[in-house]
Amino acid sequence: MADTVVDARGLQCPMPIIKLSQAITAVAPGQTVELISTDKGSCTDVPAWAADMGHPLKEQFEMDGEFHFVIERA
Amino acid sequence: MTTPNLAPVEESTTPDARPQKEKMVLIAASGDLDKAWPVLILATTGAAYGMDVTVFFTFWGLAILKRPDAGISGDDWRQKLLSVFNRGAPTNLGLSKLNFAGLGPKMMRDLADKHRVASVQELLELAQQMGVKLWPCQMTMDLMGLSREDLIDGLADPAGAGAAIAEMKQASISLFV
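In order, the protein sequences belong to chains G and C. Note that the numbering used here gives residue 55 to position 55 of the first sequence, counting from 1, and the numbers run on in steps of one. Note that the numbering used here gives residue 243 to position 169 of the second sequence, counting from 1, and the numbers run on in steps of one.
Everything hinted at is true.
Restraint ranges, calculated between C-beta atoms of paired labels, are given here:
| hint | chain 1 | residue 1 | chain 2 | residue 2 | range |
| --- | --- | --- | --- | --- | --- |
| 1 | G | G10 | C | I247 | 27 to 35 Å |
| 2 | C | Q212 | G | F61 | 47 to 55 Å |
| 3 | C | K95 | G | D3 | 24 to 32 Å |
| 4 | C | G234 | G | G65 | 45 to 53 Å |
| 5 | G | A28 | C | Q94 | 16 to 24 Å |
| 6 | G | V5 | C | R152 | 51 to 59 Å |
| 7 | C | L217 | G | D3 | 50 to 58 Å |
Computed far set for chain G versus chain C, every beta-carbon distance over 12 Å:
| hint | residue |
| --- | --- |
| 8 | M1 |
| 9 | E62 |
| 10 | D64 |
| 11 | E66 |
Below, computed lysine to aspartate or glutamate pairings styled on DMTMM-like, alpha-carbon distance capped at 25 Å:
| hint | chain 1 | residue 1 | chain 2 | residue 2 |
| --- | --- | --- | --- | --- |
| 12 | C | K243 | C | E96 |
| 13 | C | K95 | G | D52 |
| 14 | C | K207 | C | D106 |
| 15 | C | K154 | C | D216 |
| 16 | C | K207 | G | D45 |
| 17 | G | K40 | C | D184 |
| 18 | C | K188 | G | E62 |
| 19 | G | K19 | C | E96 |
| 20 | C | K109 | C | D227 |
| 21 | C | K97 | G | D52 |
| 22 | C | K207 | C | E196 |
| 23 | C | K243 | G | D52 |
| 24 | G | K19 | C | D184 |
| 25 | C | K180 | C | E199 |
| 26 | C | K97 | G | D45 |
| 27 | C | K95 | C | E241 |
| 28 | C | K207 | C | E223 |
| 29 | C | K207 | C | E241 |
| 30 | C | K188 | G | D7 |
| 31 | G | K19 | C | E199 |
| 32 | G | K19 | C | D108 |
| 33 | C | K207 | C | E96 |
| 34 | C | K180 | C | D143 |
| 35 | C | K188 | G | D64 |
| 36 | C | K243 | C | D126 |
| 37 | C | K188 | C | D106 |
| 38 | C | K95 | G | D45 |
| 39 | C | K207 | C | D108 |
None of these hints come from the bench; they were simulated from the model. From the three backbone atoms N, C-alpha and C, an ideal C-beta is built for every residue, glycine too.
Required output: the full structure, derived from the provided sequences and hints.
Written as C-alpha cells, this is what we have:
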C-alpha cells in the first residue's frame with residue numbers, strides 16, 4: 001500500500017504528471033505515491049518522468065481500464 | 075508571550091534529487107488558443123520535471139497575459155483600436171484556423187471541458203503556483219500601448235530580447251511557439 005494515493009482519473013495531460021510531481025514533493029524520501037490515471041498518455045509519461053527525476057517506479061499495472069503507478073521518492 | 079526561536083531555520087529540502095536545476099525557456103509569440111495551450115502545458119510539465127521555467131510573452135502572445143477587464147489601452151488611436159480588436163485574456167483567445175468568428179474556440183473550450191482538459195486560465199494560474207516565470211516583452215508592450223496595469227498580477231518585470239537570449243544560452247530546452 002502506497003503512503004499517498006493521487007486520484008487523477010478523468011484528468012488529461014498534463015494534469016496526472018503535475019499532480020504526481022506535487023505529491024512526490026510532499027512525501028519523505030523512501031515513501032511511495034500511487035497515481036491512478038485514465039489518461040493513456042500516462043503509460044509513457046509517468047515512466048519517462050520517474051526515470052528522469054530518479055524516482056524508482058516500483059509498480060505499473062492496469063486494472064478495470066485504469067492505470068496504476070507506484071513511485072518511490074528518491 | 076514570545077517563543078524563543080533559538081533553533082536555526084531549517085533549509086527547505088529541494089523538491090528533486092538534482093543538485094542544479096535545468097532551465098527551460100519558451101517564447102510565446104502567438105495569441106492563438108491552440109498555441110497558448112501547448113505553451114502552458116509544456117511550461118507546467120517542465121516545472122513538474124523540477125526545471126526552472128521561463129515563458130517570454132511577445133507580440134500577440136501578450137494577449138494571454140491581458141486582464142479580462144483591461145479595456146481600451148494606449149495613447150495612439152491605432153493602439154486603442156488594436157486593444158478593441160485584440161481584447162486578449164485567456165477567455166477571449168481565438169483559434170488559428172476554423173475560428174468562425176469565435177464559434178470555433180467556443181466549441182473547442184466546450185470539448186476541453188467535456189474531456190476535462192485544463193483550461194488556459196487554469197494552466198496559467200497553475201504555472202504561477204509552480205514558480206514558472208512569466209515575462210512580458212517590454213518592446214511589444216510599448217508598441218501596443220499596454221501598461222503593466224493591463225496585464226495580470228504576479229508577472230516578472232518586463233524584459234527584452236537581451237534578457238531572453240541570456241536565459242536561452244543557459245537553457246537545455248528553448249522553444250519558440
